[in-house]
Amino acid sequence: MSVNIKIRNAVKRYGNNTIISDLSLDIREGEFFTLLGPSGCGKTTLLRMIAGFNTIEGGDFYFSEKRINDLDPAKRNIGMVFQNYAIFPHLTVKKNVAFGLTNRKISKEQREIETQKFLELMQIAQFGDRMPEKLSGGQQQRVALARALVIQPDVLLMDEPLSNLDAKLRVEMRTAIKNIQHNVGITTVYVTHDQEEAMAVSDRIAIMKDGFIQHIGTPKDIYQRPANLFVASFIGRTNLLDAQLSAEDGQSFLVFANGYKVAMNHVKDEFKKTMKVKVSIRPEEFVILENSTTGIKAVIEDSIFLGLNTHYQVKFENGVHAEIVQESRIDSITPPGTEIYLTVKSEKINVFTEDGQRNCLSGVRNDYEQYVGK
Amino acid sequence: MKQKKVLDVWTIISYSILILYALFLLYPLFMILRSSVTDIDGNLTFQWFEQFFQQSYYFSTLTNSFKVTIWATILTMLIGYPLAYFYNMFHIRGKTFLQIVIILCSMSAPFIGAYAWIQLLGRSGMITVFIRNVTGITIPNIYGFNGILLVLTLQMFPLVFLYISGALKKIDNSLIEASANMGVSGIQRFFKVIVPLTMPTIFAAGLLVFMRAFADFGTPLLIGEGYRVFPVEIYNQFMGETGRNFNFAATISVVAIFITATIFLIQKYVASHFTFTMNSLNTIERKKAKGLFNVFIHLFSYFVVFLSFLPQILIVYQSFQNTSGKLFAPGYSLNSYRVALSRVRNAVPNTFYIGGLALLATIVLAIFIAYLVVRRKNAVNTFIDTLSMIPFIIPGAVVGIGLVMAFNRQPVVLTGTVTIMVVALVIRRIPYTIRSSVAILQQIPITIEEASISLGSSKLKTFALITIPMMGSGIIAGAILSWVTIITELATAIILYNARTITLTLAIYSFVSRGNYGYAAALASVLTALTVVSLFIYMKVTKSTEITM
Chain A
95 MSVNIKIRNA VKRYGNNTII SDLSLDIREG EFFTLLGPSG CGKTTLLRMI
145 AGFNTIEGGD FYFSEKRIND LDPAKRNIGM VFQNYAIFPH LTVKKNVAFG
195 LTNRKISKEQ REIETQKFLE LMQIAQFGDR MPEKLSGGQQ QRVALARALV
245 IQPDVLLMDE PLSNLDAKLR VEMRTAIKNI QHNVGITTVY VTHDQEEAMA
295 VSDRIAIMKD GFIQHIGTPK DIYQRPANLF VASFIGRTNL LDAQLSAEDG
345 QSFLVFANGY KVAMNHVKDE FKKTMKVKVS IRPEEFVILE NSTTGIKAVI
395 EDSIFLGLNT HYQVKFENGV HAEIVQESRI DSITPPGTEI YLTVKSEKIN
445 VFTEDGQRNC LSGVRNDYEQ YVGK
Chain B
312 MKQKKVLDVW TIISYSILIL YALFLLYPLF MILRSSVTDI DGNLTFQWFE
362 QFFQQSYYFS TLTNSFKVTI WATILTMLIG YPLAYFYNMF HIRGKTFLQI
412 VIILCSMSAP FIGAYAWIQL LGRSGMITVF IRNVTGITIP NIYGFNGILL
462 VLTLQMFPLV FLYISGALKK IDNSLIEASA NMGVSGIQRF FKVIVPLTMP
512 TIFAAGLLVF MRAFADFGTP LLIGEGYRVF PVEIYNQFMG ETGRNFNFAA
562 TISVVAIFIT ATIFLIQKYV ASHFTFTMNS LNTIERKKAK GLFNVFIHLF
612 SYFVVFLSFL PQILIVYQSF QNTSGKLFAP GYSLNSYRVA LSRVRNAVPN
662 TFYIGGLALL ATIVLAIFIA YLVVRRKNAV NTFIDTLSMI PFIIPGAVVG
712 IGLVMAFNRQ PVVLTGTVTI MVVALVIRRI PYTIRSSVAI LQQIPITIEE
762 ASISLGSSKL KTFALITIPM MGSGIIAGAI LSWVTIITEL ATAIILYNAR
812 TITLTLAIYS FVSRGNYGYA AALASVLTAL TVVSLFIYMK VTKSTEITM
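Going down the list, the sequences are from chains A and B.
With our numbering applied, the first sequence covers 95 to 468.
With our numbering applied, the second sequence covers 312 to 860.
Hints were generated in silico from the structure; no laboratory data involved.
Remember, it's a predicted structure, so these values are computed and weren't measured experimentally.
Even for Gly, the Cβ is constructed at its ideal location relative to N, Cα and C.
There may be inaccurate statements among the hints.
Unchecked claim - Lysine-lysine pairs mimicking DSSO-like chemistry, simulated, CA-CA at most 27 angstroms apart:
(1) Lys-202/A - Lys-772/B
(2) Lys-391/A - Lys-314/A
(3) Lys-100/A - Lys-303/A
(4) Lys-688/B - Lys-189/A
(5) Lys-688/B - Lys-169/A
As the list claims (entries may be wrong) - Beyond 10 angstroms from chain A on every Cβ pair, some chain B residues (computed):
(6) Trp-321
(7) Phe-401
(8) Tyr-454
(9) Glu-552
(10) Phe-569
(11) Arg-597
(12) Phe-604
(13) Phe-679
(14) Pro-780
Stated by the list, open to error - Only some residues are given here: those of chain B computed to face chain A with a beta carbon under 7 angstroms:
(15) Asp-352
(16) Thr-356
(17) Thr-758
(18) Gly-767
(19) Ser-768
(20) Met-781
Looking at chain A on its own, in the form it has when it is part of the complex (with noise of 0.2 angstroms):
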């Protein structure tokens, strides 16, 4: 019984200080929608107006055909999963689990199914008769989890639930709460700051900075194509570079500070001139050349051998610095000081107007267009 989200126009304001000014967004049937921003971007702030905890200034909010503006949160059908778990601390596992449960017209026996049902499903059916505080982090989350998906809700929502938990659980809940959305196939929304955790359970991402919609799509979209400045430095590292582009006969150039010019395919027809831009590669979008004469010229400052790969701190004539990520090799790392010359994979390099607003190549894929002028 999963539902879509339709939020048209929704406006949040606490007295004079808007945090919300206007935000449409579709959220599919069954759908891993996650919410990710830096803090203050609005982003649990949106998803505890969809919960109801937070009153709705202005616009529209939809499950399915239905408006929710004005329905008690307890009457939502929400299951909802909080940062610091809210665990009843004073009930056990299994009342905390059931607790949704007796607030519906269902008859005991089926209760003490569906409990034991989720406690299997989260793997603590064993303990069901423990208090929370017996319990660690990941236990606790797993219990919250099943309470909240026990009451079979239309929507589930979750606010930073991994962030209390150690490096090592986070991965691995993170796996857990992707496979159990995936096979309950519930509407979710997820809200976080961990952009890498947003990539590893996202069907959709929206990313959000300052109570705006910067850009919405797949984790690969935002990550290949991002659609502004923001987007690409916020999601994964990137180094920025201040270019030029231009255009021969059809043909595009980027062209850096000293001189190091590379063609360019995909820059979309209305960007075919001259104009200042910023460029954003990414560490492993460089390529080092020893031997070499051709591209930008850097100097290696340091280096950080981490297995797989290697990092390099290095340093361009200007005194720009950047950082570029090699695949390991088994010879020796290339020493600080070294002089070298880097060129960049063109195919995977972004490239933005000097503003930063925009992404001066095709194949960006945003589905928060649709709403932009409406």
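Fit chain B to the supplied structure of chain A, relying on the hints for placement.
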């Protein structure tokens, strides 16, 4: 639209509480204020204020109160602080026993201490007579300033001890180690690290001691004699056998409230410069003191606690003595218990009935108010929060007078009823219960309630099924402490009680004032036993021998 309806439930509770405060707090205060500026015929006049400030006979009650209160506050600090420091920093033999005795001392009614000390050091007190017979020397007079100061200090230093102990437990051991690392230890550390870190608590404890000592009524009434303080003057003006003057009693009350309010605000202002929060992972480890210092801290601790506990020992001893008329006679029996309990047959049932009702009302109201203040902040609830703190600064006798003035006439007549006794006790106790409930509630993350609501529980159901059970143990612990203060309350109840609503504490006072010390001792021992039982229940509930106020 459904949400609006649920909001209304809490709004109704909000306004109901507001009405209760208006009726039982603001209306009585207004009546006092009105009486203070009207003459016998009800015309506006300032003659009472003029009389109070121009005649040193009256004005001196205020300076006397101030003098004895300030000295009492200083002395309780000088005794209570070192005791707490020694207790928490060093190993002291029998420390659990010591702590329980200290808590017991803090819980007895002050006037019982006063009358016990009269038995010991009064004109024909046991110690006085003993010293005179052995050495021929007459020791200095216990009555007046010295006596009040002695009794108040011994009564109140346990409060300072409990407050400061709480603060010392919040200091992380690493702060002690860090200061030792930087070469600061011993007495230097005490003044440079420990005292500054406990400054907020020193102010809080100081204010509490000041307010209680300033408003204490039983002690000066019994032991004060010629040393006249204002709570006694209010009582005499209001209840005295000669020269009663309601208006003048109201005037003194207004002056007293003005003073306590000023002290309260000054304390708030000064204390606001010393606020910080500490969260200790490792509490301070007790060390073993060496040599003479070790002897000193043991002597000091046991001596002050013995002094403080002496009245209780004496009273229990006297309760078993035979009496002949008002004098003690040789031999021991349970006669005093038998006679005392049969003379005031309803004192014990009343204590449970009136005290129980007051406790229940206090807890229910406090939980509702705490919830409104913490979870539903708005202008009305902030106002309720402010109102709820007012009783903290109003001396008990003034509460009593206000209630009489307000409810001995139409439209609402309550004087002489159980209701007015319950109301008085609730008013006296509720600021403390609200504070502790607020503290408990603030510890509960709001997401737990949201989780319950998102699982389909209504807001009231969530409150009943989640919030209240989670506050549970904290509420019960607070309730037991409230119970003890309710059953030992005197200043307000003495103005309101009659034969039908007399409680144990009031019966003790009435026996003391008539000189029936044997009967008083018997009832006081019953009261002490009740307190001890309550205390042990508290320890069972909280699973600790520590008490936090």
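Status of the hints after comparison with the structure:
Taking the CA atoms of Lys-202/A and Lys-772/B, the gap is about 20 angstroms. The hint holds against a cut of 27 angstroms. About 31 angstroms separates the Cα atoms of Lys-391/A and Lys-314/A, which puts this hinted pair outside 27 angstroms; it is violated. Restraint check for Lys-100/A and Lys-303/A: satisfied, since their Cα atoms lie roughly 20 angstroms apart, inside the 27 angstroms limit. Of the supplied pair hints, the one linking Lys-688/B and Lys-189/A is violated, its CA atoms being roughly 31 angstroms apart against a limit of 27 angstroms.
About 24 angstroms separates the Cα atoms of Lys-688/B and Lys-169/A, which keeps this hinted pair within 27 angstroms; it holds. Interface exclusion of Trp-321/B from chain A stands, the closest Cβ pair being 14 angstroms apart, more than 10 angstroms. Every beta carbon of chain A lies more than 10 angstroms from that of Phe-401/B, the smallest distance being close to 33 angstroms; the non-interface claim holds. Against the 10 angstroms criterion, Tyr-454/B stays outside the reach of chain A, whose nearest CB is about 55 angstroms from its own CB.
With 10 angstroms as the threshold on Cβ separation, the claim that Glu-552/B sits away from chain A holds: the shortest Cβ distance comes to roughly 56 angstroms. Every CB of chain A lies more than 10 angstroms from the CB of Phe-569/B, the least distance being 37 angstroms, so the non-interface label holds. Residue-level check passed: Arg-597/B sits 28 angstroms from the nearest beta carbon of chain A, beyond 10 angstroms. Interface exclusion of Phe-604/B from chain A stands, the closest Cβ pair being 42 angstroms apart, more than 10 angstroms.
Once the 10 angstroms rule is applied to beta carbons, Phe-679/B is consistent with being away from chain A; the minimum gap is 20 angstroms. Taking the minimum C-beta to C-beta distance to chain A, about 5 angstroms, the non-interface status of Pro-780/B is violated against the 10 angstroms cut. Annotation: Asp-352/B was flagged as interfacial toward chain A, and the flag is violated, the nearest CB pair being 53 angstroms apart, outside 7 angstroms. Because the closest C-beta pair between Thr-356/B and chain A is about 48 angstroms apart, greater than 7 angstroms, the hint is violated.
Restraint check, Thr-758/B versus chain A: the minimum CB separation of about 4 angstroms is within 7 angstroms; hint holds. Checking Gly-767/B against chain A: minimum C-beta separation of about 4 angstroms stays under 7 angstroms; hint holds. Given the 7 angstroms rule on beta carbons, the hint for Ser-768/B holds: about 5 angstroms separates it from the nearest Cβ of chain A. For Met-781/B, the shortest C-beta to C-beta distance to chain A is roughly 6 angstroms, which falls under 7 angstroms, so the interface hint holds.
Consistency note: the structure conflicts with the earlier hints numbered 2, 4, 14, 15 and 16.
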